[in-house]
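Can you make the complete structure from the sequences, with help from the hints?
Chains A and B are the protein sequences, given in the same order. 131 is the number of the first residue of the first sequence in this note's numbering; add one for each residue after it. 334 is the number of the first residue of the second sequence in this note's numbering; add one for each residue after it.
Any given hint might turn out to be false.
Unchecked claim - Pairwise CB distance ranges, derived in the manner of DEER restraints: (1) Ala617/B <-> Glu197/A: 19 to 29 Å; (2) Thr656/B <-> Gln137/A: 51 to 61 Å; (3) Ala617/B <-> Met180/A: 18 to 28 Å; (4) Lys586/B <-> Glu214/A: 28 to 38 Å; (5) Gly535/B <-> Glu214/A: 50 to 60 Å; (6) Ser185/A <-> Lys586/B: 44 to 54 Å; (7) Lys132/A <-> Gly625/B: 30 to 40 Å; (8) Arg467/B <-> Gly148/A: 22 to 32 Å; (9) His140/A <-> Asp659/B: 51 to 61 Å; (10) Lys221/A <-> Asp659/B: 46 to 56 Å; (11) Met180/A <-> Leu382/B: 22 to 32 Å; (12) Ser644/B <-> Met180/A: 46 to 56 Å; (13) Glu197/A <-> Lys448/B: 50 to 60 Å.
Calculated directly from the structure, the hints in this document are not laboratory data. Here the structure is a predicted model, which is why all the values come from computation and not from measurement. Glycine is no exception: its CB is placed at the ideal position from the N, C-alpha and C atoms.
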Amino acid sequence: MKLSHQQVEHIARLARLGLSAEERDKFSLQLSDILKNFEVLNELNTADVMPATHSIPLQNVFREDEEASSYSQDEVLANAPRKEENCFKVKAILE
Amino acid sequence: MTYETVIGLEVHAQLLTRSKMFCSCNADYASAPPNTHVCPVCLGMPGVLPVINKKAVEYTIMTALALNCTIPEYTKFDRKNYSYPDLVKGYQISQYDYPISEHGWLTIDSNGAKKKINITRVHLEEDVAKSQHREGYSLIDMNRSGVPLMETVSEPEMRSPEEARDYLVKLRSILRYLGVSNGNMEEGSFRCDANISLRPSGSTELGGKVELKNLNSFKAVYQALQYEVKRQTAVLEEGGTIAQETRGWADDKGITVTQRSKEYANDYRYFPEPDLPPLFLDRAWIKEIHDGLPELPEARKERFMTQYCLSLSDASILTSSRTMADYFEDSVRLMGPDRAKLISNWIQGDFSRLLNAVGIEIESAKISPEELVEMLTLVDKGTLNGPAAKVVFEEMFHTGKKASAIVEEKKLSQISDAAEIKKEVQQAMSGNPRAVSDYRSGKESALAFLTGQVMRATRGRANPSLVREILIEELRNSQE
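Next up, the structure:
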């Protein structure tokens, strides 16, 4: 399966990546190769196999509804590049 | 051409768990300073391991059962990917193709007729952080991030803004009966998005679907839908078409406006959450939850009608909240089922008026069922008459004092002493000779006037029927 330039641009947009024209061409080929490799799996007949969503046989892992102490406000904000009023400061969220 | 309105609702309710959905941070952030109920898990740090809060799953199953949903044996969580500043991980843990429940329904009373509204699914996810918008930037508080959020999706089966409001009121009432959510729309713990489209009457094809957001109260939901019906009708009548879009309700202007949609917002690329093993819901657990469900509003309403001979409207109002229904039943238990109508009248009348004026719910009132019944018993005994009872009740409401204490303090007890009333009657007659002669010349209304004078002179304390009786007697005697 060959990915179109449009599809690659769409994926880049979703990942918030800016691609140059050369990068777009390059990744378009590379991504197509990766997909081609995965297509090998389609050759297997899986009609009678339950789809697996997890690789380890675990189920029903719960925690009880008990609260424990959180991190301090200073610790929480320690890595914030920008902060104000004890909040993370980010670019304007456009509506 | 006439158009049919088609409405579907998506409701997000925060669950009343102690801790968050996937970590142990306190989920009650209402009065917490920003970023104080936060840990690496809800902060979305790399390498952390979320673990499912069992209570949140239980609350969702409770709700699903109350909404007559099917609970499959297998359910799992998925990642919903999108970029937004209030979603720090870049994905929200939600449920995609195997939700906790599907295919339910609830009933609404629309114009006196019952209508069944089907429910597509009830699933569990996590809330996102809270953002505040400033001039040129935004501030993010992570306290809300990871709070358990239960989403209930209805089928597009509501045919008017009224039905949508009824559905919302009913759903909230069920969640509050179950104790799984406080259902507060203004504070954002109960949020609603509405999908609305119009189609020519008789057609089965859905028109362009508009998603309404920013509906922060029941009134906003109702008004925004009413506005959309009008707007879409006008567009269609001019031969236009309705574009599928998201519109926000501008409460101050009373209109909906186009919202710049998040780019590629619908390309969520869901995939199974690898950090959370799937759930196999044990049937014995489901049965245990089912057996523990409280009596729900619909069943309680029916019971109130048969057990206490109340009208549909009385029963609906009394059972609209669990605490009001409990209050009513506690009072009836003390006074007897034959007084149910009297108690219902007081709760819906003076009591509700005072509660609304102060803006509190019945459970926060200073008057207990015992105290309400004590006051009503004073009326039964003749100590209090109707008007005085209203005065006493209002005083009880504001001060929390008992009725007997207020009667004592304000000397409000009813005068049923014939000699004392006779004295007042004679005074009223001598002070109003005109009314006396009017009565004698056949003007019946003069009697009401004179009764009023006596009531006024006794500050409403005289027993009104005794006043009337003595007055007639005195008028007759003095004539002879």
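Notebook entry, point to check: Hints broken by the structure, by number, lowest first?
Noted result: 7 and 13
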